[in-house]
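Given chain Y, put chain X in place with the hints provided.
Chains Y and X, in that order, are what the protein sequence lines are. To convert a position in the first sequence, counted from 1, into my numbering, add 469. To convert a position in the second sequence, counted from 1, into my numbering, add 10.
Derived from the structure by calculation, the hints contain no laboratory data. Where hints are given, some of them may not hold.
List of simulated lysine to aspartate or glutamate pairs, EDC-like, C-alpha gap at most 20 Å [claimed, not checked]: (1) X:Lys536 <-> X:Glu602; (2) Y:Lys574 <-> X:Asp374; (3) Y:Lys680 <-> X:Asp374.
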Amino acid sequence: MRTQRRLLLFLVFLVTLISAGASGYQVIIDRANKAYSDGSYANSIDLYKEVLKNGYESAELYYNIGNAYYKLNDYSSAILYYERGNRLDPGNEDINFNLKIVNNKIADKIEPLPELFYKRWYDALVSLFSLDTWAKIVVILFLLSIFMASIYFISRILILRKISFWLSIILFFSFLFTMLTAFQSYSRLKNQHEAIVFSPTITVKSSPDEKSIDLFVIHEGTKVSIIDQIGNWYEIRIANGSVGWLQSSTIEKI
Amino acid sequence: MMIRRIIIIVAGMIFLSLGTGHAQNVTFEASAKTVVGVGETFAVSFTVNAQGVIFRGPAFPNFMVISGPNGSTSSSIRMINGRTTMSIANSYSYYLQATKEGSYEIQPATITVDNKVYKSNSLTIKVIQNPGSSGQNPGQNTSPQNRNQQQGQTGPQSASNDVFVKAFISNAAPLQGEGIIVTYKIFTKVPISQIAFTKLSSFPGFWSQNLMKENEKNNQSTQIIDGQQYVVADIRKIVLFPLKSGTLTIDPLELQCVAQVKRPTKTRTGDPFFDDFFNDSFFNNSYSTIEKSLKSNPLVVNVKPLPAENIPVGFNGAVGTFSFNSTIDKTKLKTNDAINLKFTVSGEGNIQLIDKLDMTFPPDFETYDPKITSAINPISSGIAGTQTFEYLVIPRKPGNFTLKPVTFTYFDLKKRQYVSISTPQYAINVEKGSGESAAITYSGVNKEDIKYIGSDIRHIKNQPFTLQKTGVFFFGSTFFYLCLLIPLLLFIVLIIFWKKQNARKADIQLMKNRKATKVARNRLRKAEKFLKEQNKEEFYIEISQALWGYLSDKFNIPLAELSMESVNDALIKKNVNEEIIRQFTETLNDTEFARFAPGEKSLFMDKIFNEALEIISKIERELR
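Pulled out of the complex, with its shape left as it was, chain Y reads as follows:
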């Protein structure tokens, strides 16, 4: 019991340590929010970005920056920041809503490739919570599983032992599954391979060479997946599955 209490104390200490460092920026964020409300969107972007520059981020912060860019009609930047926010918190409904709005403003309308239903479901599941929420669920499930196992071992009451045994097994498998999901979410976050087009118009080439055949044209704001890189050329894939090469300066990684 004493060890557990110590652990709890340690946890509280860590959380306060993390939030204490960030809390100083709340003032800046408040000022930025006010600037946004006053309509000086460029100012608010500068202030928000100051927080980013100091090494802090959050889905909401990206969301606010995206909104400010949207108000300045800079749709590709808006998309970039919404996507960054979406990456941190895929299930954020506001981000997804605004992203949908701004995606309707850009030039390219690409029909996405239909995906297999189980992949779609799994993606939706992974996107349900942010990575840290998943991590918390992992920890909670693990603790519950262990608790149930303890009951199984300690209890002398047969029915209680039976229930706790099965619960413990179920919880342990749930823990394994959520762990996998969290890993998926984590690898998506870490291995960044999506980008937003920033040049007004790009002709996508068939090979990493200016002289190669023109394949298709995409415009600013379009999201592309980066497959490969040679020099300053990226091999990209757009939502409908078309693949081609473009220069790295024309896009911005999410």
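The following block gives chain X in isolation, referenced to the frame of chain Y:
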């Protein structure tokens, strides 16, 4: 003179009225030139000196019949020393064209005179290859209209060299695409007028351009050929650009003109008197206008192919000497403004054949077909001028674009090699225009359903939110793993502790179990001592404790839980005989009863002691 003529006419009229059926030798003759050139038109006449009917002409399988049979009649009256004879000439003529070389026979024709069928003689015509200059061949073929004038005779021989047409070529062995000039000249000794082309030359394999305007024809000069003075005039001048290599033939030009020709000085009779008589100026004016068909010589051009090696990509067949440049009206503009891009090819050569340029625009440009304007001037050596391509393009999207250079390739006739000229590359900067039209073309509002019209993004988050270190996540952090690891360790420790505790507890029970009999015996021994002392209170306490304690230790039942029922259960569970259980509970009841019941207690003391001893040893046996 006049009197004589009048007499003749009057007399002729008289004799004509007297009747024509004079006994006379009927002759039916065929006549024609015996030697003709290929392509020449000539006349074949069948003449009968009587009034004939049912003329049947022969077939001309080896010639082309241009016209015929054309019938004509002439009559003449002769008065010689008061004797008057009248002759009739009935002639049927064909105009034929010789098509191929060789010697051909013309079959006889038949005619019926006075119910008698007469047959003409057959003819042999020799068709020879045309002489090089076509100047000799025209003239023989007189058009049917002249026939009456000439009294059925073949055309005047003397006219053949008076007027002719000749074609000249500037270069008989040009390169493919190199311009050559073909000039048709008319040579004439006699005045001519009303030149009309009946068949213009066709130029298969060439691209042609007329260099002479309709009304400018008379570039006249005089030239002496074989001691004869001719007036020479250009009648047609054409520049030709061969489109393929090889031997190409230019068909002859055919034309008709009206010429004043000297009248032929021939009579049919051979009589000197009548020759003089008819050659008199009264009957025979020296000149008459006749319509003449003229034909030029065909030309053969041997076109050499262009060098096959080092043909540049994009060579389109332009041959000559050219320059190529481009102009653009602006390179910085806003969306939906138009760019005017102009390419000009100027120089000398087959410039009008340059009808397209290899121009591609970025896909976001709205392009139209180029406007092509030609300004062509005929010059002595062919054609010079400019060909202008005007492109109008409208960028619809903002951005930086590059208009790739356009390369024009031609074969330079002076340098005898292929030359490529490229225009500069243009960088176009397109800014977003103020107009809404650009947005309309791709606005998502139009793309989606109406539900998003007037929609806006959701407002920013104003309430405080937690910030986290960039790139630092709970998942995967040490803390995360500690959160998993520490409970796991605790769990393991707990389990181990629990196991140990259990093991110790089990040890205690085992000991108790083993000691149970011993303890019970000790108690009973004590009870025996109290029995001897007759200490009833202590005796019953010891007996009771011995029995209960034994059960408690033996069956691992806590003292607090001891009762008749729990003892019963425990014994049943251990498969103890029911008789023994009943006996045991009886003993217990007796003890309790004796202990708490008032009255004589000592009476049962021995009995209870023995029962207790007995039952414990029985259970011991039973459990073994």
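These are the hints, each one checked on the structure:
no.	hint	in the structure
1	X:Lys536 <-> X:Glu602	holds, 18 Å
2	Y:Lys574 <-> X:Asp374	holds, 18 Å
3	Y:Lys680 <-> X:Asp374	holds, 18 Å
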